[in-house]
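Engineer: Here is how the chains run, residue by residue.
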Amino acid sequence: KNEVEQSPQNLTAQEGEFITINCSYSVGISALHWLQQHPGGGIVSLFMLSSGKKKHGRLIATINIQEKHSSLHITASHPRDSAVYICAVRYGNKLVFGAGTILRVKS
Amino acid sequence: DAGVTQSPTHLIKTRGQQVTLRCSPKSGHDTVSWYQQALGQGPQFIFQYYEEEERQRGNFPDRFSGHQFPNYSSELNVNALLLGDSALYLCASSLAGLNTEAFFGQGTRLTVV
Numbered sequence: 001k002n003e004v005e006q007s008p009q010n011l012t013a014q015e016g017e018f019i020t021i022n023c024s025y026s027v028g029i030s031a032l033h034w035l036q037q038h039p040g041g042g043i044v045s046l047f048m049l050s051s052g053k054k055k056h057g058r059l060i061a062t063i064n065i066q067e068k069h070s071s072l073h074i075t076a077s078h079p080r081d082s083a084v085y086i087c088a089v090r091y092g093n094k095l096v097f098g099a100g101t102i103l104r105v106k107s
Numbered sequence: 001d002a003g004v005t006q007s008p009t010h011l012i013k014t015r016g017q018q019v020t021l022r023c024s025p026k027s028g029h030d031t032v033s034w035y036q037q038a039l040g041q042g043p044q045f046i047f048q049y050y051e052e053e054e055r056q057r058g059n060f061p062d063r064f065s066g067h068q069f070p071n072y073s074s075e076l077n078v079n080a081l082l083l084g085d086s087a088l089y090l091c092a093s094s095l096a097g098l099n100t101e102a103f104f105g106q107g108t109r110l111t112v113v
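Heads up: the sequence lines are chains A and B, in that order. Counting from 1, one number per residue, gives the positions in the first sequence under our numbering. Counting from 1, one number per residue, gives the positions in the second sequence under our numbering.
The hints are simulated quantities; they were obtained by calculation from the structure and are not laboratory data. Since this is a predicted model, take the numbers as computed values, not measurements. Glycine residues also receive a C-beta, built at the ideal position from the N, C-alpha and C atoms. Among the hints, erroneous ones may be present.
Only part of the chain B face toward chain A is listed, based on derived beta-carbon distances under 7 Å [said to hold, decoys possible]: (1) Phe45; (2) Arg55; (3) Gln56; (4) Phe60; (5) Gly97; (6) Asn99; (7) Glu101; (8) Gln106; (9) Gly107.
Can you make the complete structure from the sequences, with help from the hints?
Structural biologist: Laid out in structure tokens, this is it:
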């Protein structure tokens, strides 16, 4: 069983919709990362969270340490947001990744 | 700042061969981690190098080895390649410490035939 579970696995949205991707993890962590991966492979770090909430443009990330749960929200989604969104948690020196959520935003 | 750079970008090897992948960390970063990402899956931790030593290792066989140089760049070596080693290999650099942000390279796509 993966230590990091993401949902949904696949998500198709219409342009302008509000999107939520969820991440749950099983043990205590020091930090949680939300990452974006486009076709071709390169990974871009969106957020690193230890507590609370962070916002960058149309992206919002929240984390609830007690419930071991984090969410990534995209407001006013756009086709250029189409990508794989990956949650990764930091255990000591390593990152443990979820399987990713494939997001497709249609115009 | 060039960020994290990996080379080569694509590579095709034959079963049984050996391969070396290279990573230059983001300027100022001293820690390099390697990950393997099979198609349709999340990356899996291979190992991490800091101060030219392997600091932590994931669940990968000894065929996977690495090195870190004094300039913090790193190599990943895989011996006796198997078809199942075909994957995207990602390098991430960071500063030593528990809650520092990791920056990723574009990856090396390895195909074993």
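Engineer: If a hint holds in the structure, say so; if it does not, say that too.
Structural biologist: Going through the hints against the structure:
1. About 4 Å separates the beta-carbon of Phe45/B from the nearest beta-carbon of chain A, less than 7 Å, and the hint is met.
2. For Arg55/B, the interface hint holds, since its Cβ comes within 7 Å of a Cβ in chain A; the closest pair sits about 6 Å apart.
3. Interface restraint check: Gln56/B against chain A, minimum CB-CB distance 5 Å, threshold 7 Å, status holds.
4. Hint status for Phe60/B: violated, given a least beta-carbon distance of 12 Å to chain A, over 7 Å.
5. For Gly97/B, the suggested interface contact is broken, since its CB lies about 10 Å from the closest CB of chain A, more than 7 Å.
6. Below 7 Å, beta-carbon pairs count as interface contacts, and Asn99/B has one with chain A at about 5 Å; its hint therefore holds.
7. For the restraint placing Glu101/B at the interface with chain A, the shortest Cβ-Cβ distance is roughly 5 Å, inside the 7 Å limit, so the hint holds.
8. With a cut of 7 Å, the hint placing Gln106/B at the interface with chain A holds, because the nearest CB-to-CB distance is about 4 Å.
9. Given the 7 Å rule on beta carbons, the hint for Gly107/B holds: about 4 Å separates it from the nearest Cβ of chain A.
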